[in-house]
Amino acid sequence: MQKIFVLTILLLLIAATNAHASFIPEAGMISYQINDSDRIAVGNVTNIQEHLKYSVVTINVDEWLMGPLPSNEIEVITERGSMYSNANEPRFYTGESVILMLQDINVADNRFKVTIGEPGKHPTADRDEIISELESMAKSNKSEIVSTTESDNTTPFIGSIGLVLVFACVGLVLRRSQK
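Numbering follows full-length UniProt numbering, with no gaps: position 60 of the sequence shown is 60.
Hints are computed from structural coordinates only; laboratory data are not their basis. If you're wondering where the values come from, they're calculated on a predicted model, not measured in any experiment. For glycine and all other residues, C-beta sits at the position ideal for the given N, C-alpha and C. Don't take every hint at face value.
[To be verified] Pairwise CB distance ranges, derived in the manner of DEER restraints:
id	residue 1	residue 2	range
1	25	63	23 to 33 Å
2	178	83	36 to 46 Å
3	84	25	21 to 31 Å
4	94	139	30 to 40 Å
5	106	135	24 to 34 Å
6	124	103	13 to 23 Å
7	176	86	33 to 43 Å
Please model the complete structure; the sequences and the hints are all you need to start from.
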């Protein structure tokens with residue numbers, strides 16, 4: 001009985017630490033995503049190769065909005081596979097039309113990753129808004145947006161729900177050990 005109780009507590013702690021994906025508030029801003037991107041591509045998902053811990057998504061590029069390349073087919077690597085799911089990473093579907101904010105992994109092999117994960121994937125309906133933001137940034141020649149490499153000290157490791165669970169579990173263990 002004691003082993004089951006301890007196992008339950010450990011599972012609750014693990015679940016609390018992975019409760020939800022979190023991004024800094026600026027991650028949702030198109031200007032922030034553009035600033036952190038090497039390229040922006042509009043295209044269609046033509047193939048998804050799922051591996052254990054990652055996926056290789058083939059995109060047929062219709063248009064380059066920023067950082068154009070001569071290639072009309074690229075591969076996007078995600079940390080989402082058949083045995084691993086990262087909630088921060090975008091999910092792709094074959095046949096889907098997307099606009100992707102991209103960071104270079106290996107340009108020679110046409111391999112990229114999505115900038116900031118899920119926020120860097122847009123529906124094609126966002127095209128005009130993204131183009132408008134690109135033009136606005138070019139006119140003002142400002143890219144003073146804070147880089148994603150700076151730490152965000154406002155996001156706690158476990159979160160408030162996790163802390164409550166930790167204290168509740170510790171209290172239960174102490175109460176059981178006194179009996």
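These are the hints, each one checked on the structure:
no. : hint                     : result
1   : 25 with 63: 23 to 33 Å   : holds, 29 Å
2   : 178 with 83: 36 to 46 Å  : holds, 42 Å
3   : 84 with 25: 21 to 31 Å   : holds, 27 Å
4   : 94 with 139: 30 to 40 Å  : holds, 38 Å
5   : 106 with 135: 24 to 34 Å : holds, 30 Å
6   : 124 with 103: 13 to 23 Å : holds, 20 Å
7   : 176 with 86: 33 to 43 Å  : holds, 36 Å
Of the numbered hints stated above, none is contradicted by the structure.
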